[in-house]
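K.L.:
This is what each chain is made of:
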Amino acid sequence: MSLFKVMDIAGSALSAQSLRLNTTASNMANADSVSSSIATTYRARHPVFVTMMDDLMSFEGESAGAGVEVRGVIESQAPVRSIYRPEHPMADENGYIHMPNVNMVEEMANMMSASRSYQMNVEIANASKQLVLSTLQLGV
Amino acid sequence: MALDSIFGIHGAALVARSRRAEVLAANLANADTPNYKARDVDFAALMRGQLGESDAGLVKTDARHLDLGDSRFFGAEVLYREPSQPSLDGNTVDTQTEQAEFVKNAMQYQASLRFLNQRIQGLRSAIRGE
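Sequence order for the protein chains is A and B. Numbering (the working numbering) for the first sequence: 120 to 259. Numbering (the working numbering) for the second sequence: -7 to 122.
Quick caveat, the hints were computed from the structure, so don't treat them as lab data. Glycine is no exception: its CB is placed at the ideal position from the N, C-alpha and C atoms. Take the hints with a grain of salt, since some may be wrong.
Unchecked claim - Think about it this way: if two alpha-carbon atoms lie no more than 20 Å apart in a straight line, the pair counts; the simulated DMTMM-like pairs of lysine to aspartate or glutamate are: (1) A:K248 - B:E93; (2) B:K96 - A:E242; (3) B:K29 - B:D81; (4) B:K29 - B:E122; (5) B:K29 - B:D54; (6) B:K96 - B:D86.
Claimed, not checked - On the chain A side, residues computed to face chain B include the following (Cβ under 8 Å): (7) A129; (8) V153; (9) H165; (10) V189; (11) P205; (12) P208; (13) Y237.
What the hints assert, rightly or not - Some chain A residues well away from chain B (every beta-carbon gap over 12 Å; in silico): (14) S121; (15) T160; (16) P166; (17) T170; (18) S253.
Generate coordinates for the entire structure from the input sequences, incorporating the hints supplied.
P.N.:
The following block contains the structure:
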């Protein structure tokens, strides 16, 4: 039944969006994590969303809807911020500390977008639940 | 008195609506997926497919023609929506439009359900002779 498939699709979006919220939370929490070398500095993480193509390809007679999945999580390649602060306990031999390349404004926008998308997909799942329930009540 | 003649078109409409809901839910789920193109089905064609009057579609007249068999969905072609505000990442889902279409589709599904329910209630009171 297609309405159960709607639940699956909305569910796939919920898990993808919650992973996005998760990476955003991790990025914001680590925005000020100091490190003494560039290699060990935290880098902003971003999920990569793709459509579930195998579903899309087999829609003949089966389904035209395809969910979304997270292909992977990439680390931002933006340069980390190095600050000259020789008195800092984490400073390297040249007196620099290294700060993550997290862009707070970008992360806030991401957070808003993810939470709105999450809410919208909850609405979709709820709507299809209502439709299934009233179909089950048919003739009662 | 066959069941089909009692319920008329509403049973088929219910199935067609639930299938369209699936396509619209997929658009909403992929609202943040780069390069996803919003899709929809021609409801009239979907309805004809449900009633067994499927469009013939493209006919292959040569063995070298490409097979388009999998572009059809229950006798209806899945089409791509004309983007109103395409974004830079290649995504053409307009969340508001899709949400409005989804709600509209859900309400029409409930309308079909109401029609079916009334038929059943009518039959029931006829059987009981109330």
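K.L.:
Decide, hint by hint, whether the structure agrees.
P.N.:
Here is what the structure says about each hint:
{"no.": "1", "hint": "A:K248 - B:E93", "in the structure": "holds, 17 Å"}
{"no.": "2", "hint": "B:K96 - A:E242", "in the structure": "holds, 14 Å"}
{"no.": "3", "hint": "B:K29 - B:D81", "in the structure": "holds, 11 Å"}
{"no.": "4", "hint": "B:K29 - B:E122", "in the structure": "violated, 54 Å"}
{"no.": "5", "hint": "B:K29 - B:D54", "in the structure": "violated, 31 Å"}
{"no.": "6", "hint": "B:K96 - B:D86", "in the structure": "holds, 15 Å"}
{"no.": "7", "hint": "A129", "in the structure": "holds, 6 Å"}
{"no.": "8", "hint": "V153", "in the structure": "violated, 32 Å"}
{"no.": "9", "hint": "H165", "in the structure": "violated, 12 Å"}
{"no.": "10", "hint": "V189", "in the structure": "violated, 10 Å"}
{"no.": "11", "hint": "P205", "in the structure": "violated, 43 Å"}
{"no.": "12", "hint": "P208", "in the structure": "violated, 41 Å"}
{"no.": "13", "hint": "Y237", "in the structure": "violated, 11 Å"}
{"no.": "14", "hint": "S121", "in the structure": "violated, 4 Å"}
{"no.": "15", "hint": "T160", "in the structure": "holds, 27 Å"}
{"no.": "16", "hint": "P166", "in the structure": "violated, 10 Å"}
{"no.": "17", "hint": "T170", "in the structure": "violated, 5 Å"}
{"no.": "18", "hint": "S253", "in the structure": "violated, 6 Å"}
In the structure shown, a violation is registered for the earlier hints numbered 4, 5, 8, 9, 10, 11, 12, 13, 14, 16, 17 and 18, in ascending order.
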